[in-house]
Amino acid sequence: MGDSREAKRVGNRLQARSLTLPYVEQELALDLGLTRRDVLKIAGYGSLAAFLAACGSTSSGSSGITATGGTMSLGSYASDPGSKAGVQAIVDAFKAANGGTKVNINTVDHGTFQNQITSYLQGTPQDVFTWFSGHRMRFFADKGLATPIDDVWDAVKSNYTAGFAASVKGNDGHAYAVPTDYYPWAVFYRKDLWSAKGYQVPTNWDAFKALCEKMKKDGLTPIAFADKDGWPAQGTFDILNLRLNGYDFHVNLLTGANGQKWTDPKVTAVFKKWSEITQYYSPGFKGLTWEQGADQLLRKQAGMYLLGLFVGDEFKASGSQADLDQLDFFAFPDLGTSFDAEKALDAPIDVYMVTKKSPTLSSDLGQAKAFMEFVSKGSTQVTFWKNAPGSIPTANDADTSQYPALTKKAVEIVSKAQKITQYFDRDSRPDFSGPNGMQGFLLSFLSNPSGDQTGLQKQMQTFWDSLPPE
Amino acid sequence: MANTTATTAPARKAKPGTGAVAISGRRRRYNVLTRRDKILLALMVGIPLALDIILIWGPTVASIFFSFTNWDGIGGIEAKNIVGLKNYQFMFTGYTLFWPAFTHNVIWLLWLTFVATPLGMLFAVLLDRDIRGSRIYQSVFYLPVVLSLVVIGFIWELQYFPTDGFINNALGLVKSGHIIDWLGDSRINLYAILGAASWRHIGYIMILYLAGLKSVDPSLREAARVDGATEVQTFFNVVFPVMAPINVVIVVITAIESLRAFDIAFIINQGKNGLELLSILITNNSISEASLVGFGSAIAVVLLLISLVPIVTFLTRVMRTSQ
Chain A
1 MGDSREAKRV
11 GNRLQARSLT
21 LPYVEQELAL
31 DLGLTRRDVL
41 KIAGYGSLAA
51 FLAACGSTSS
61 GSSGITATGG
71 TMSLGSYASD
81 PGSKAGVQAI
91 VDAFKAANGG
101 TKVNINTVDH
111 GTFQNQITSY
121 LQGTPQDVFT
131 WFSGHRMRFF
141 ADKGLATPID
151 DVWDAVKSNY
161 TAGFAASVKG
171 NDGHAYAVPT
181 DYYPWAVFYR
191 KDLWSAKGYQ
201 VPTNWDAFKA
211 LCEKMKKDGL
221 TPIAFADKDG
231 WPAQGTFDIL
241 NLRLNGYDFH
251 VNLLTGANGQ
261 KWTDPKVTAV
271 FKKWSEITQY
281 YSPGFKGLTW
291 EQGADQLLRK
301 QAGMYLLGLF
311 VGDEFKASGS
321 QADLDQLDFF
331 AFPDLGTSFD
341 AEKALDAPID
351 VYMVTKKSPT
361 LSSDLGQAKA
371 FMEFVSKGST
381 QVTFWKNAPG
391 SIPTANDADT
401 SQYPALTKKA
411 VEIVSKAQKI
421 TQYFDRDSRP
431 DFSGPNGMQG
441 FLLSFLSNPS
451 GDQTGLQKQM
461 QTFWDSLPPE
Chain B
1 MANTTATTAP
11 ARKAKPGTGA
21 VAISGRRRRY
31 NVLTRRDKIL
41 LALMVGIPLA
51 LDIILIWGPT
61 VASIFFSFTN
71 WDGIGGIEAK
81 NIVGLKNYQF
91 MFTGYTLFWP
101 AFTHNVIWLL
111 WLTFVATPLG
121 MLFAVLLDRD
131 IRGSRIYQSV
141 FYLPVVLSLV
151 VIGFIWELQY
161 FPTDGFINNA
171 LGLVKSGHII
181 DWLGDSRINL
191 YAILGAASWR
201 HIGYIMILYL
211 AGLKSVDPSL
221 REAARVDGAT
231 EVQTFFNVVF
241 PVMAPINVVI
251 VVITAIESLR
261 AFDIAFIINQ
271 GKNGLELLSI
281 LITNNSISEA
291 SLVGFGSAIA
301 VVLLLISLVP
311 IVTFLTRVMR
321 TSQ
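Here the protein sequences line up with chains A and B, keeping their order. Here the first sequence stands for residues 1 to 470, where the numbers follow this note's numbering. Here the second sequence stands for residues 1 to 323, where the numbers follow this note's numbering.
Heads up, a few of these hints could be off.
[Claimed, not checked] Computed list of lysine-lysine pairs in DSSO-like fashion (alpha-carbon distance at most 27 Å, straight line):
#1 A:Lys143 / B:Lys86
#2 A:Lys343 / A:Lys273
#3 B:Lys175 / A:Lys209
#4 A:Lys261 / B:Lys80
#5 B:Lys214 / A:Lys458
#6 A:Lys300 / A:Lys214
#7 A:Lys217 / B:Lys175
#8 A:Lys316 / A:Lys191
#9 B:Lys80 / A:Lys357
#10 B:Lys175 / A:Lys261
#11 A:Lys143 / B:Lys80
#12 B:Lys38 / A:Lys356
#13 B:Lys175 / A:Lys300
#14 B:Lys86 / A:Lys216
#15 B:Lys175 / A:Lys214
#16 A:Lys316 / A:Lys197
[Said to hold, decoys possible] Here are some chain A residues pointing at chain B (derived, C-beta under 10 Å):
#17 Asn115
#18 Ile117
#19 Leu145
#20 Val201
#21 Trp205
#22 Gly230
#23 Arg429
#24 Leu446
None of these hints come from the bench; they were simulated from the model. This structure is a prediction, so every number in the text was calculated from the model and none was measured. We put the beta carbon where it would ideally sit given N, CA and C, even for glycine.
Required output: the full structure, derived from the provided sequences and hints.
See below:
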């Protein structure tokens, strides 16, 4: 059976008219005049190599679970230029470090990859894929579309903090992912604008609102806000709910666990608190993209902006390095509740996972695991970070000496947090958080923030109840 | 022709194995097709039919089946996935977006029928009068039809953006601080994108109608003029009735266009916050990350039933004219 599979594999390669021999780092141009005997010979060689690889997996590799050489494939959503180059750089480094393993990368547009993930994982996915931690990871683990990698995780877990260790576990307790980078959400501002106007970083809610009032008088938009795409508003909901009602309530609410309902008065309190600052938002925010919001901050039209660290990407794209150097942030102000001490925040973690249905996985599993082990290294993650500085390496042994001040501060704010969430749309089910779910509900709220929200909360709960069991 | 073949090529007909050849003289003329002809015909009818069944009717029937399940697109459908009419029940009573989306489709239909389509027809009538630069106007109005809807969506986003957009800046609203949020205000954004959709629809209707006008017999108009009818009278009493077949086609196209409205709203904001449309609800529920295949299919079935009305009208009309 193994042989026929090998023959098929070789057959497929024949169609490609070139053949990569495992362990031999060169491509053989295939002569179209191959005889049947030749093909069988090659097939035999291929299965022998696979056999060797299988044997080798017990003797080679630092942890005894990985294989060198051979091939593997990677499905990547890193489609923007920086992160695409970053993935290519780590793949090149992996190839060099792992006996010339040939990695086929399939890069798909980020949004498309996300939308098609269900059919992708059920079809013929690559061996390894890029994904998010949180509910979205656990969901596919539960559905049996991801391969548990406890052996890899056991080998690398000493390189991670407890928070990251929790982020890779499925509901069944197995490890399914290796976290590679993350980015915190915080309130961003320009240092030069603030020192010119004499603004101070607010540490509590009243100081925050007073600052907004002052900025308004100075002719600024106090808070840049841009919710055309629907998801940015969820960041404000997250942080207000975390500060007002705490991490446990937030997680229960977003997953419907422990009978937590959206009609809870604690949710009403979040909207009430939120309505106190909506008057300071960018005019026309429901028609603005997050990039346009970032531009308002960049052009000193707006004073503050609650967003992820990736706001720096827009500073880099639309502004100059000097603008980027002026970018700074502070943690969302305390609200005077007992949950302030949690210092909880959204810091979405990006991970690599191993698929289940990849047709090549049976022969590539060793290489895939070697790759997972490789991306857990600080040195690999720093290579990626150099190409995509909007996200921060997760490994303990990452060389932080090259980080600019902003990145160092981002590391600090996350390490101070006792609880870390992944962002609304990664912590909740996607049908609930999507455009016709919570994105739409929050836009309704923002249309009439000072009104009575109990009707809207009822709609949220009705919608939640209507969703089929996951 | 058929008879000629039958009488002049008896040798071909007599080939063995041609099937049921000529039992009686009356049936003889049904067998003028050679075996090759029959195979060819079978292929010509069979291949499109097979494709139609596989690509259109198969998925349609599958959707109807899915609409009775709560399948999430993962794994197989088991007995516990079958939920009967629950999806429909929730859609009509609990789902807060269904009726807004339905209403938006109706508004879309009314707008295209009573604003965009008449405008397109008016332009066609004006351009039919051989005014100077007629070709240039035709090209200008027709250009949006050639553009991809993604491009149209992008162009109109640039017009409508609250602070960076052309319209608010041209009207001086950005300076005076009274921004109109064309795309974000759920009371007006539907009409904003209807403007964009009309931009395209007008050109489409114009070209169709212009082609129809060109084929109207000029002697009819001359006769009307001799009888002393005004331009307006001529159009409504003579030209318009003559154009009846084209008018029906245009009405049906308008109806279909408004039922399949999707692209611009989806490009603007994935169809939320006032831009909900039935087609978008289907997409967002069944083929996005949400994977509510069952519920999305139920909406699709409703849209299918609504769509059947203009489609059947169109087909009966086409079949009648071709007979």
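Contradicted hints - numbers only: 5, 10, 12, 14, 20, 21
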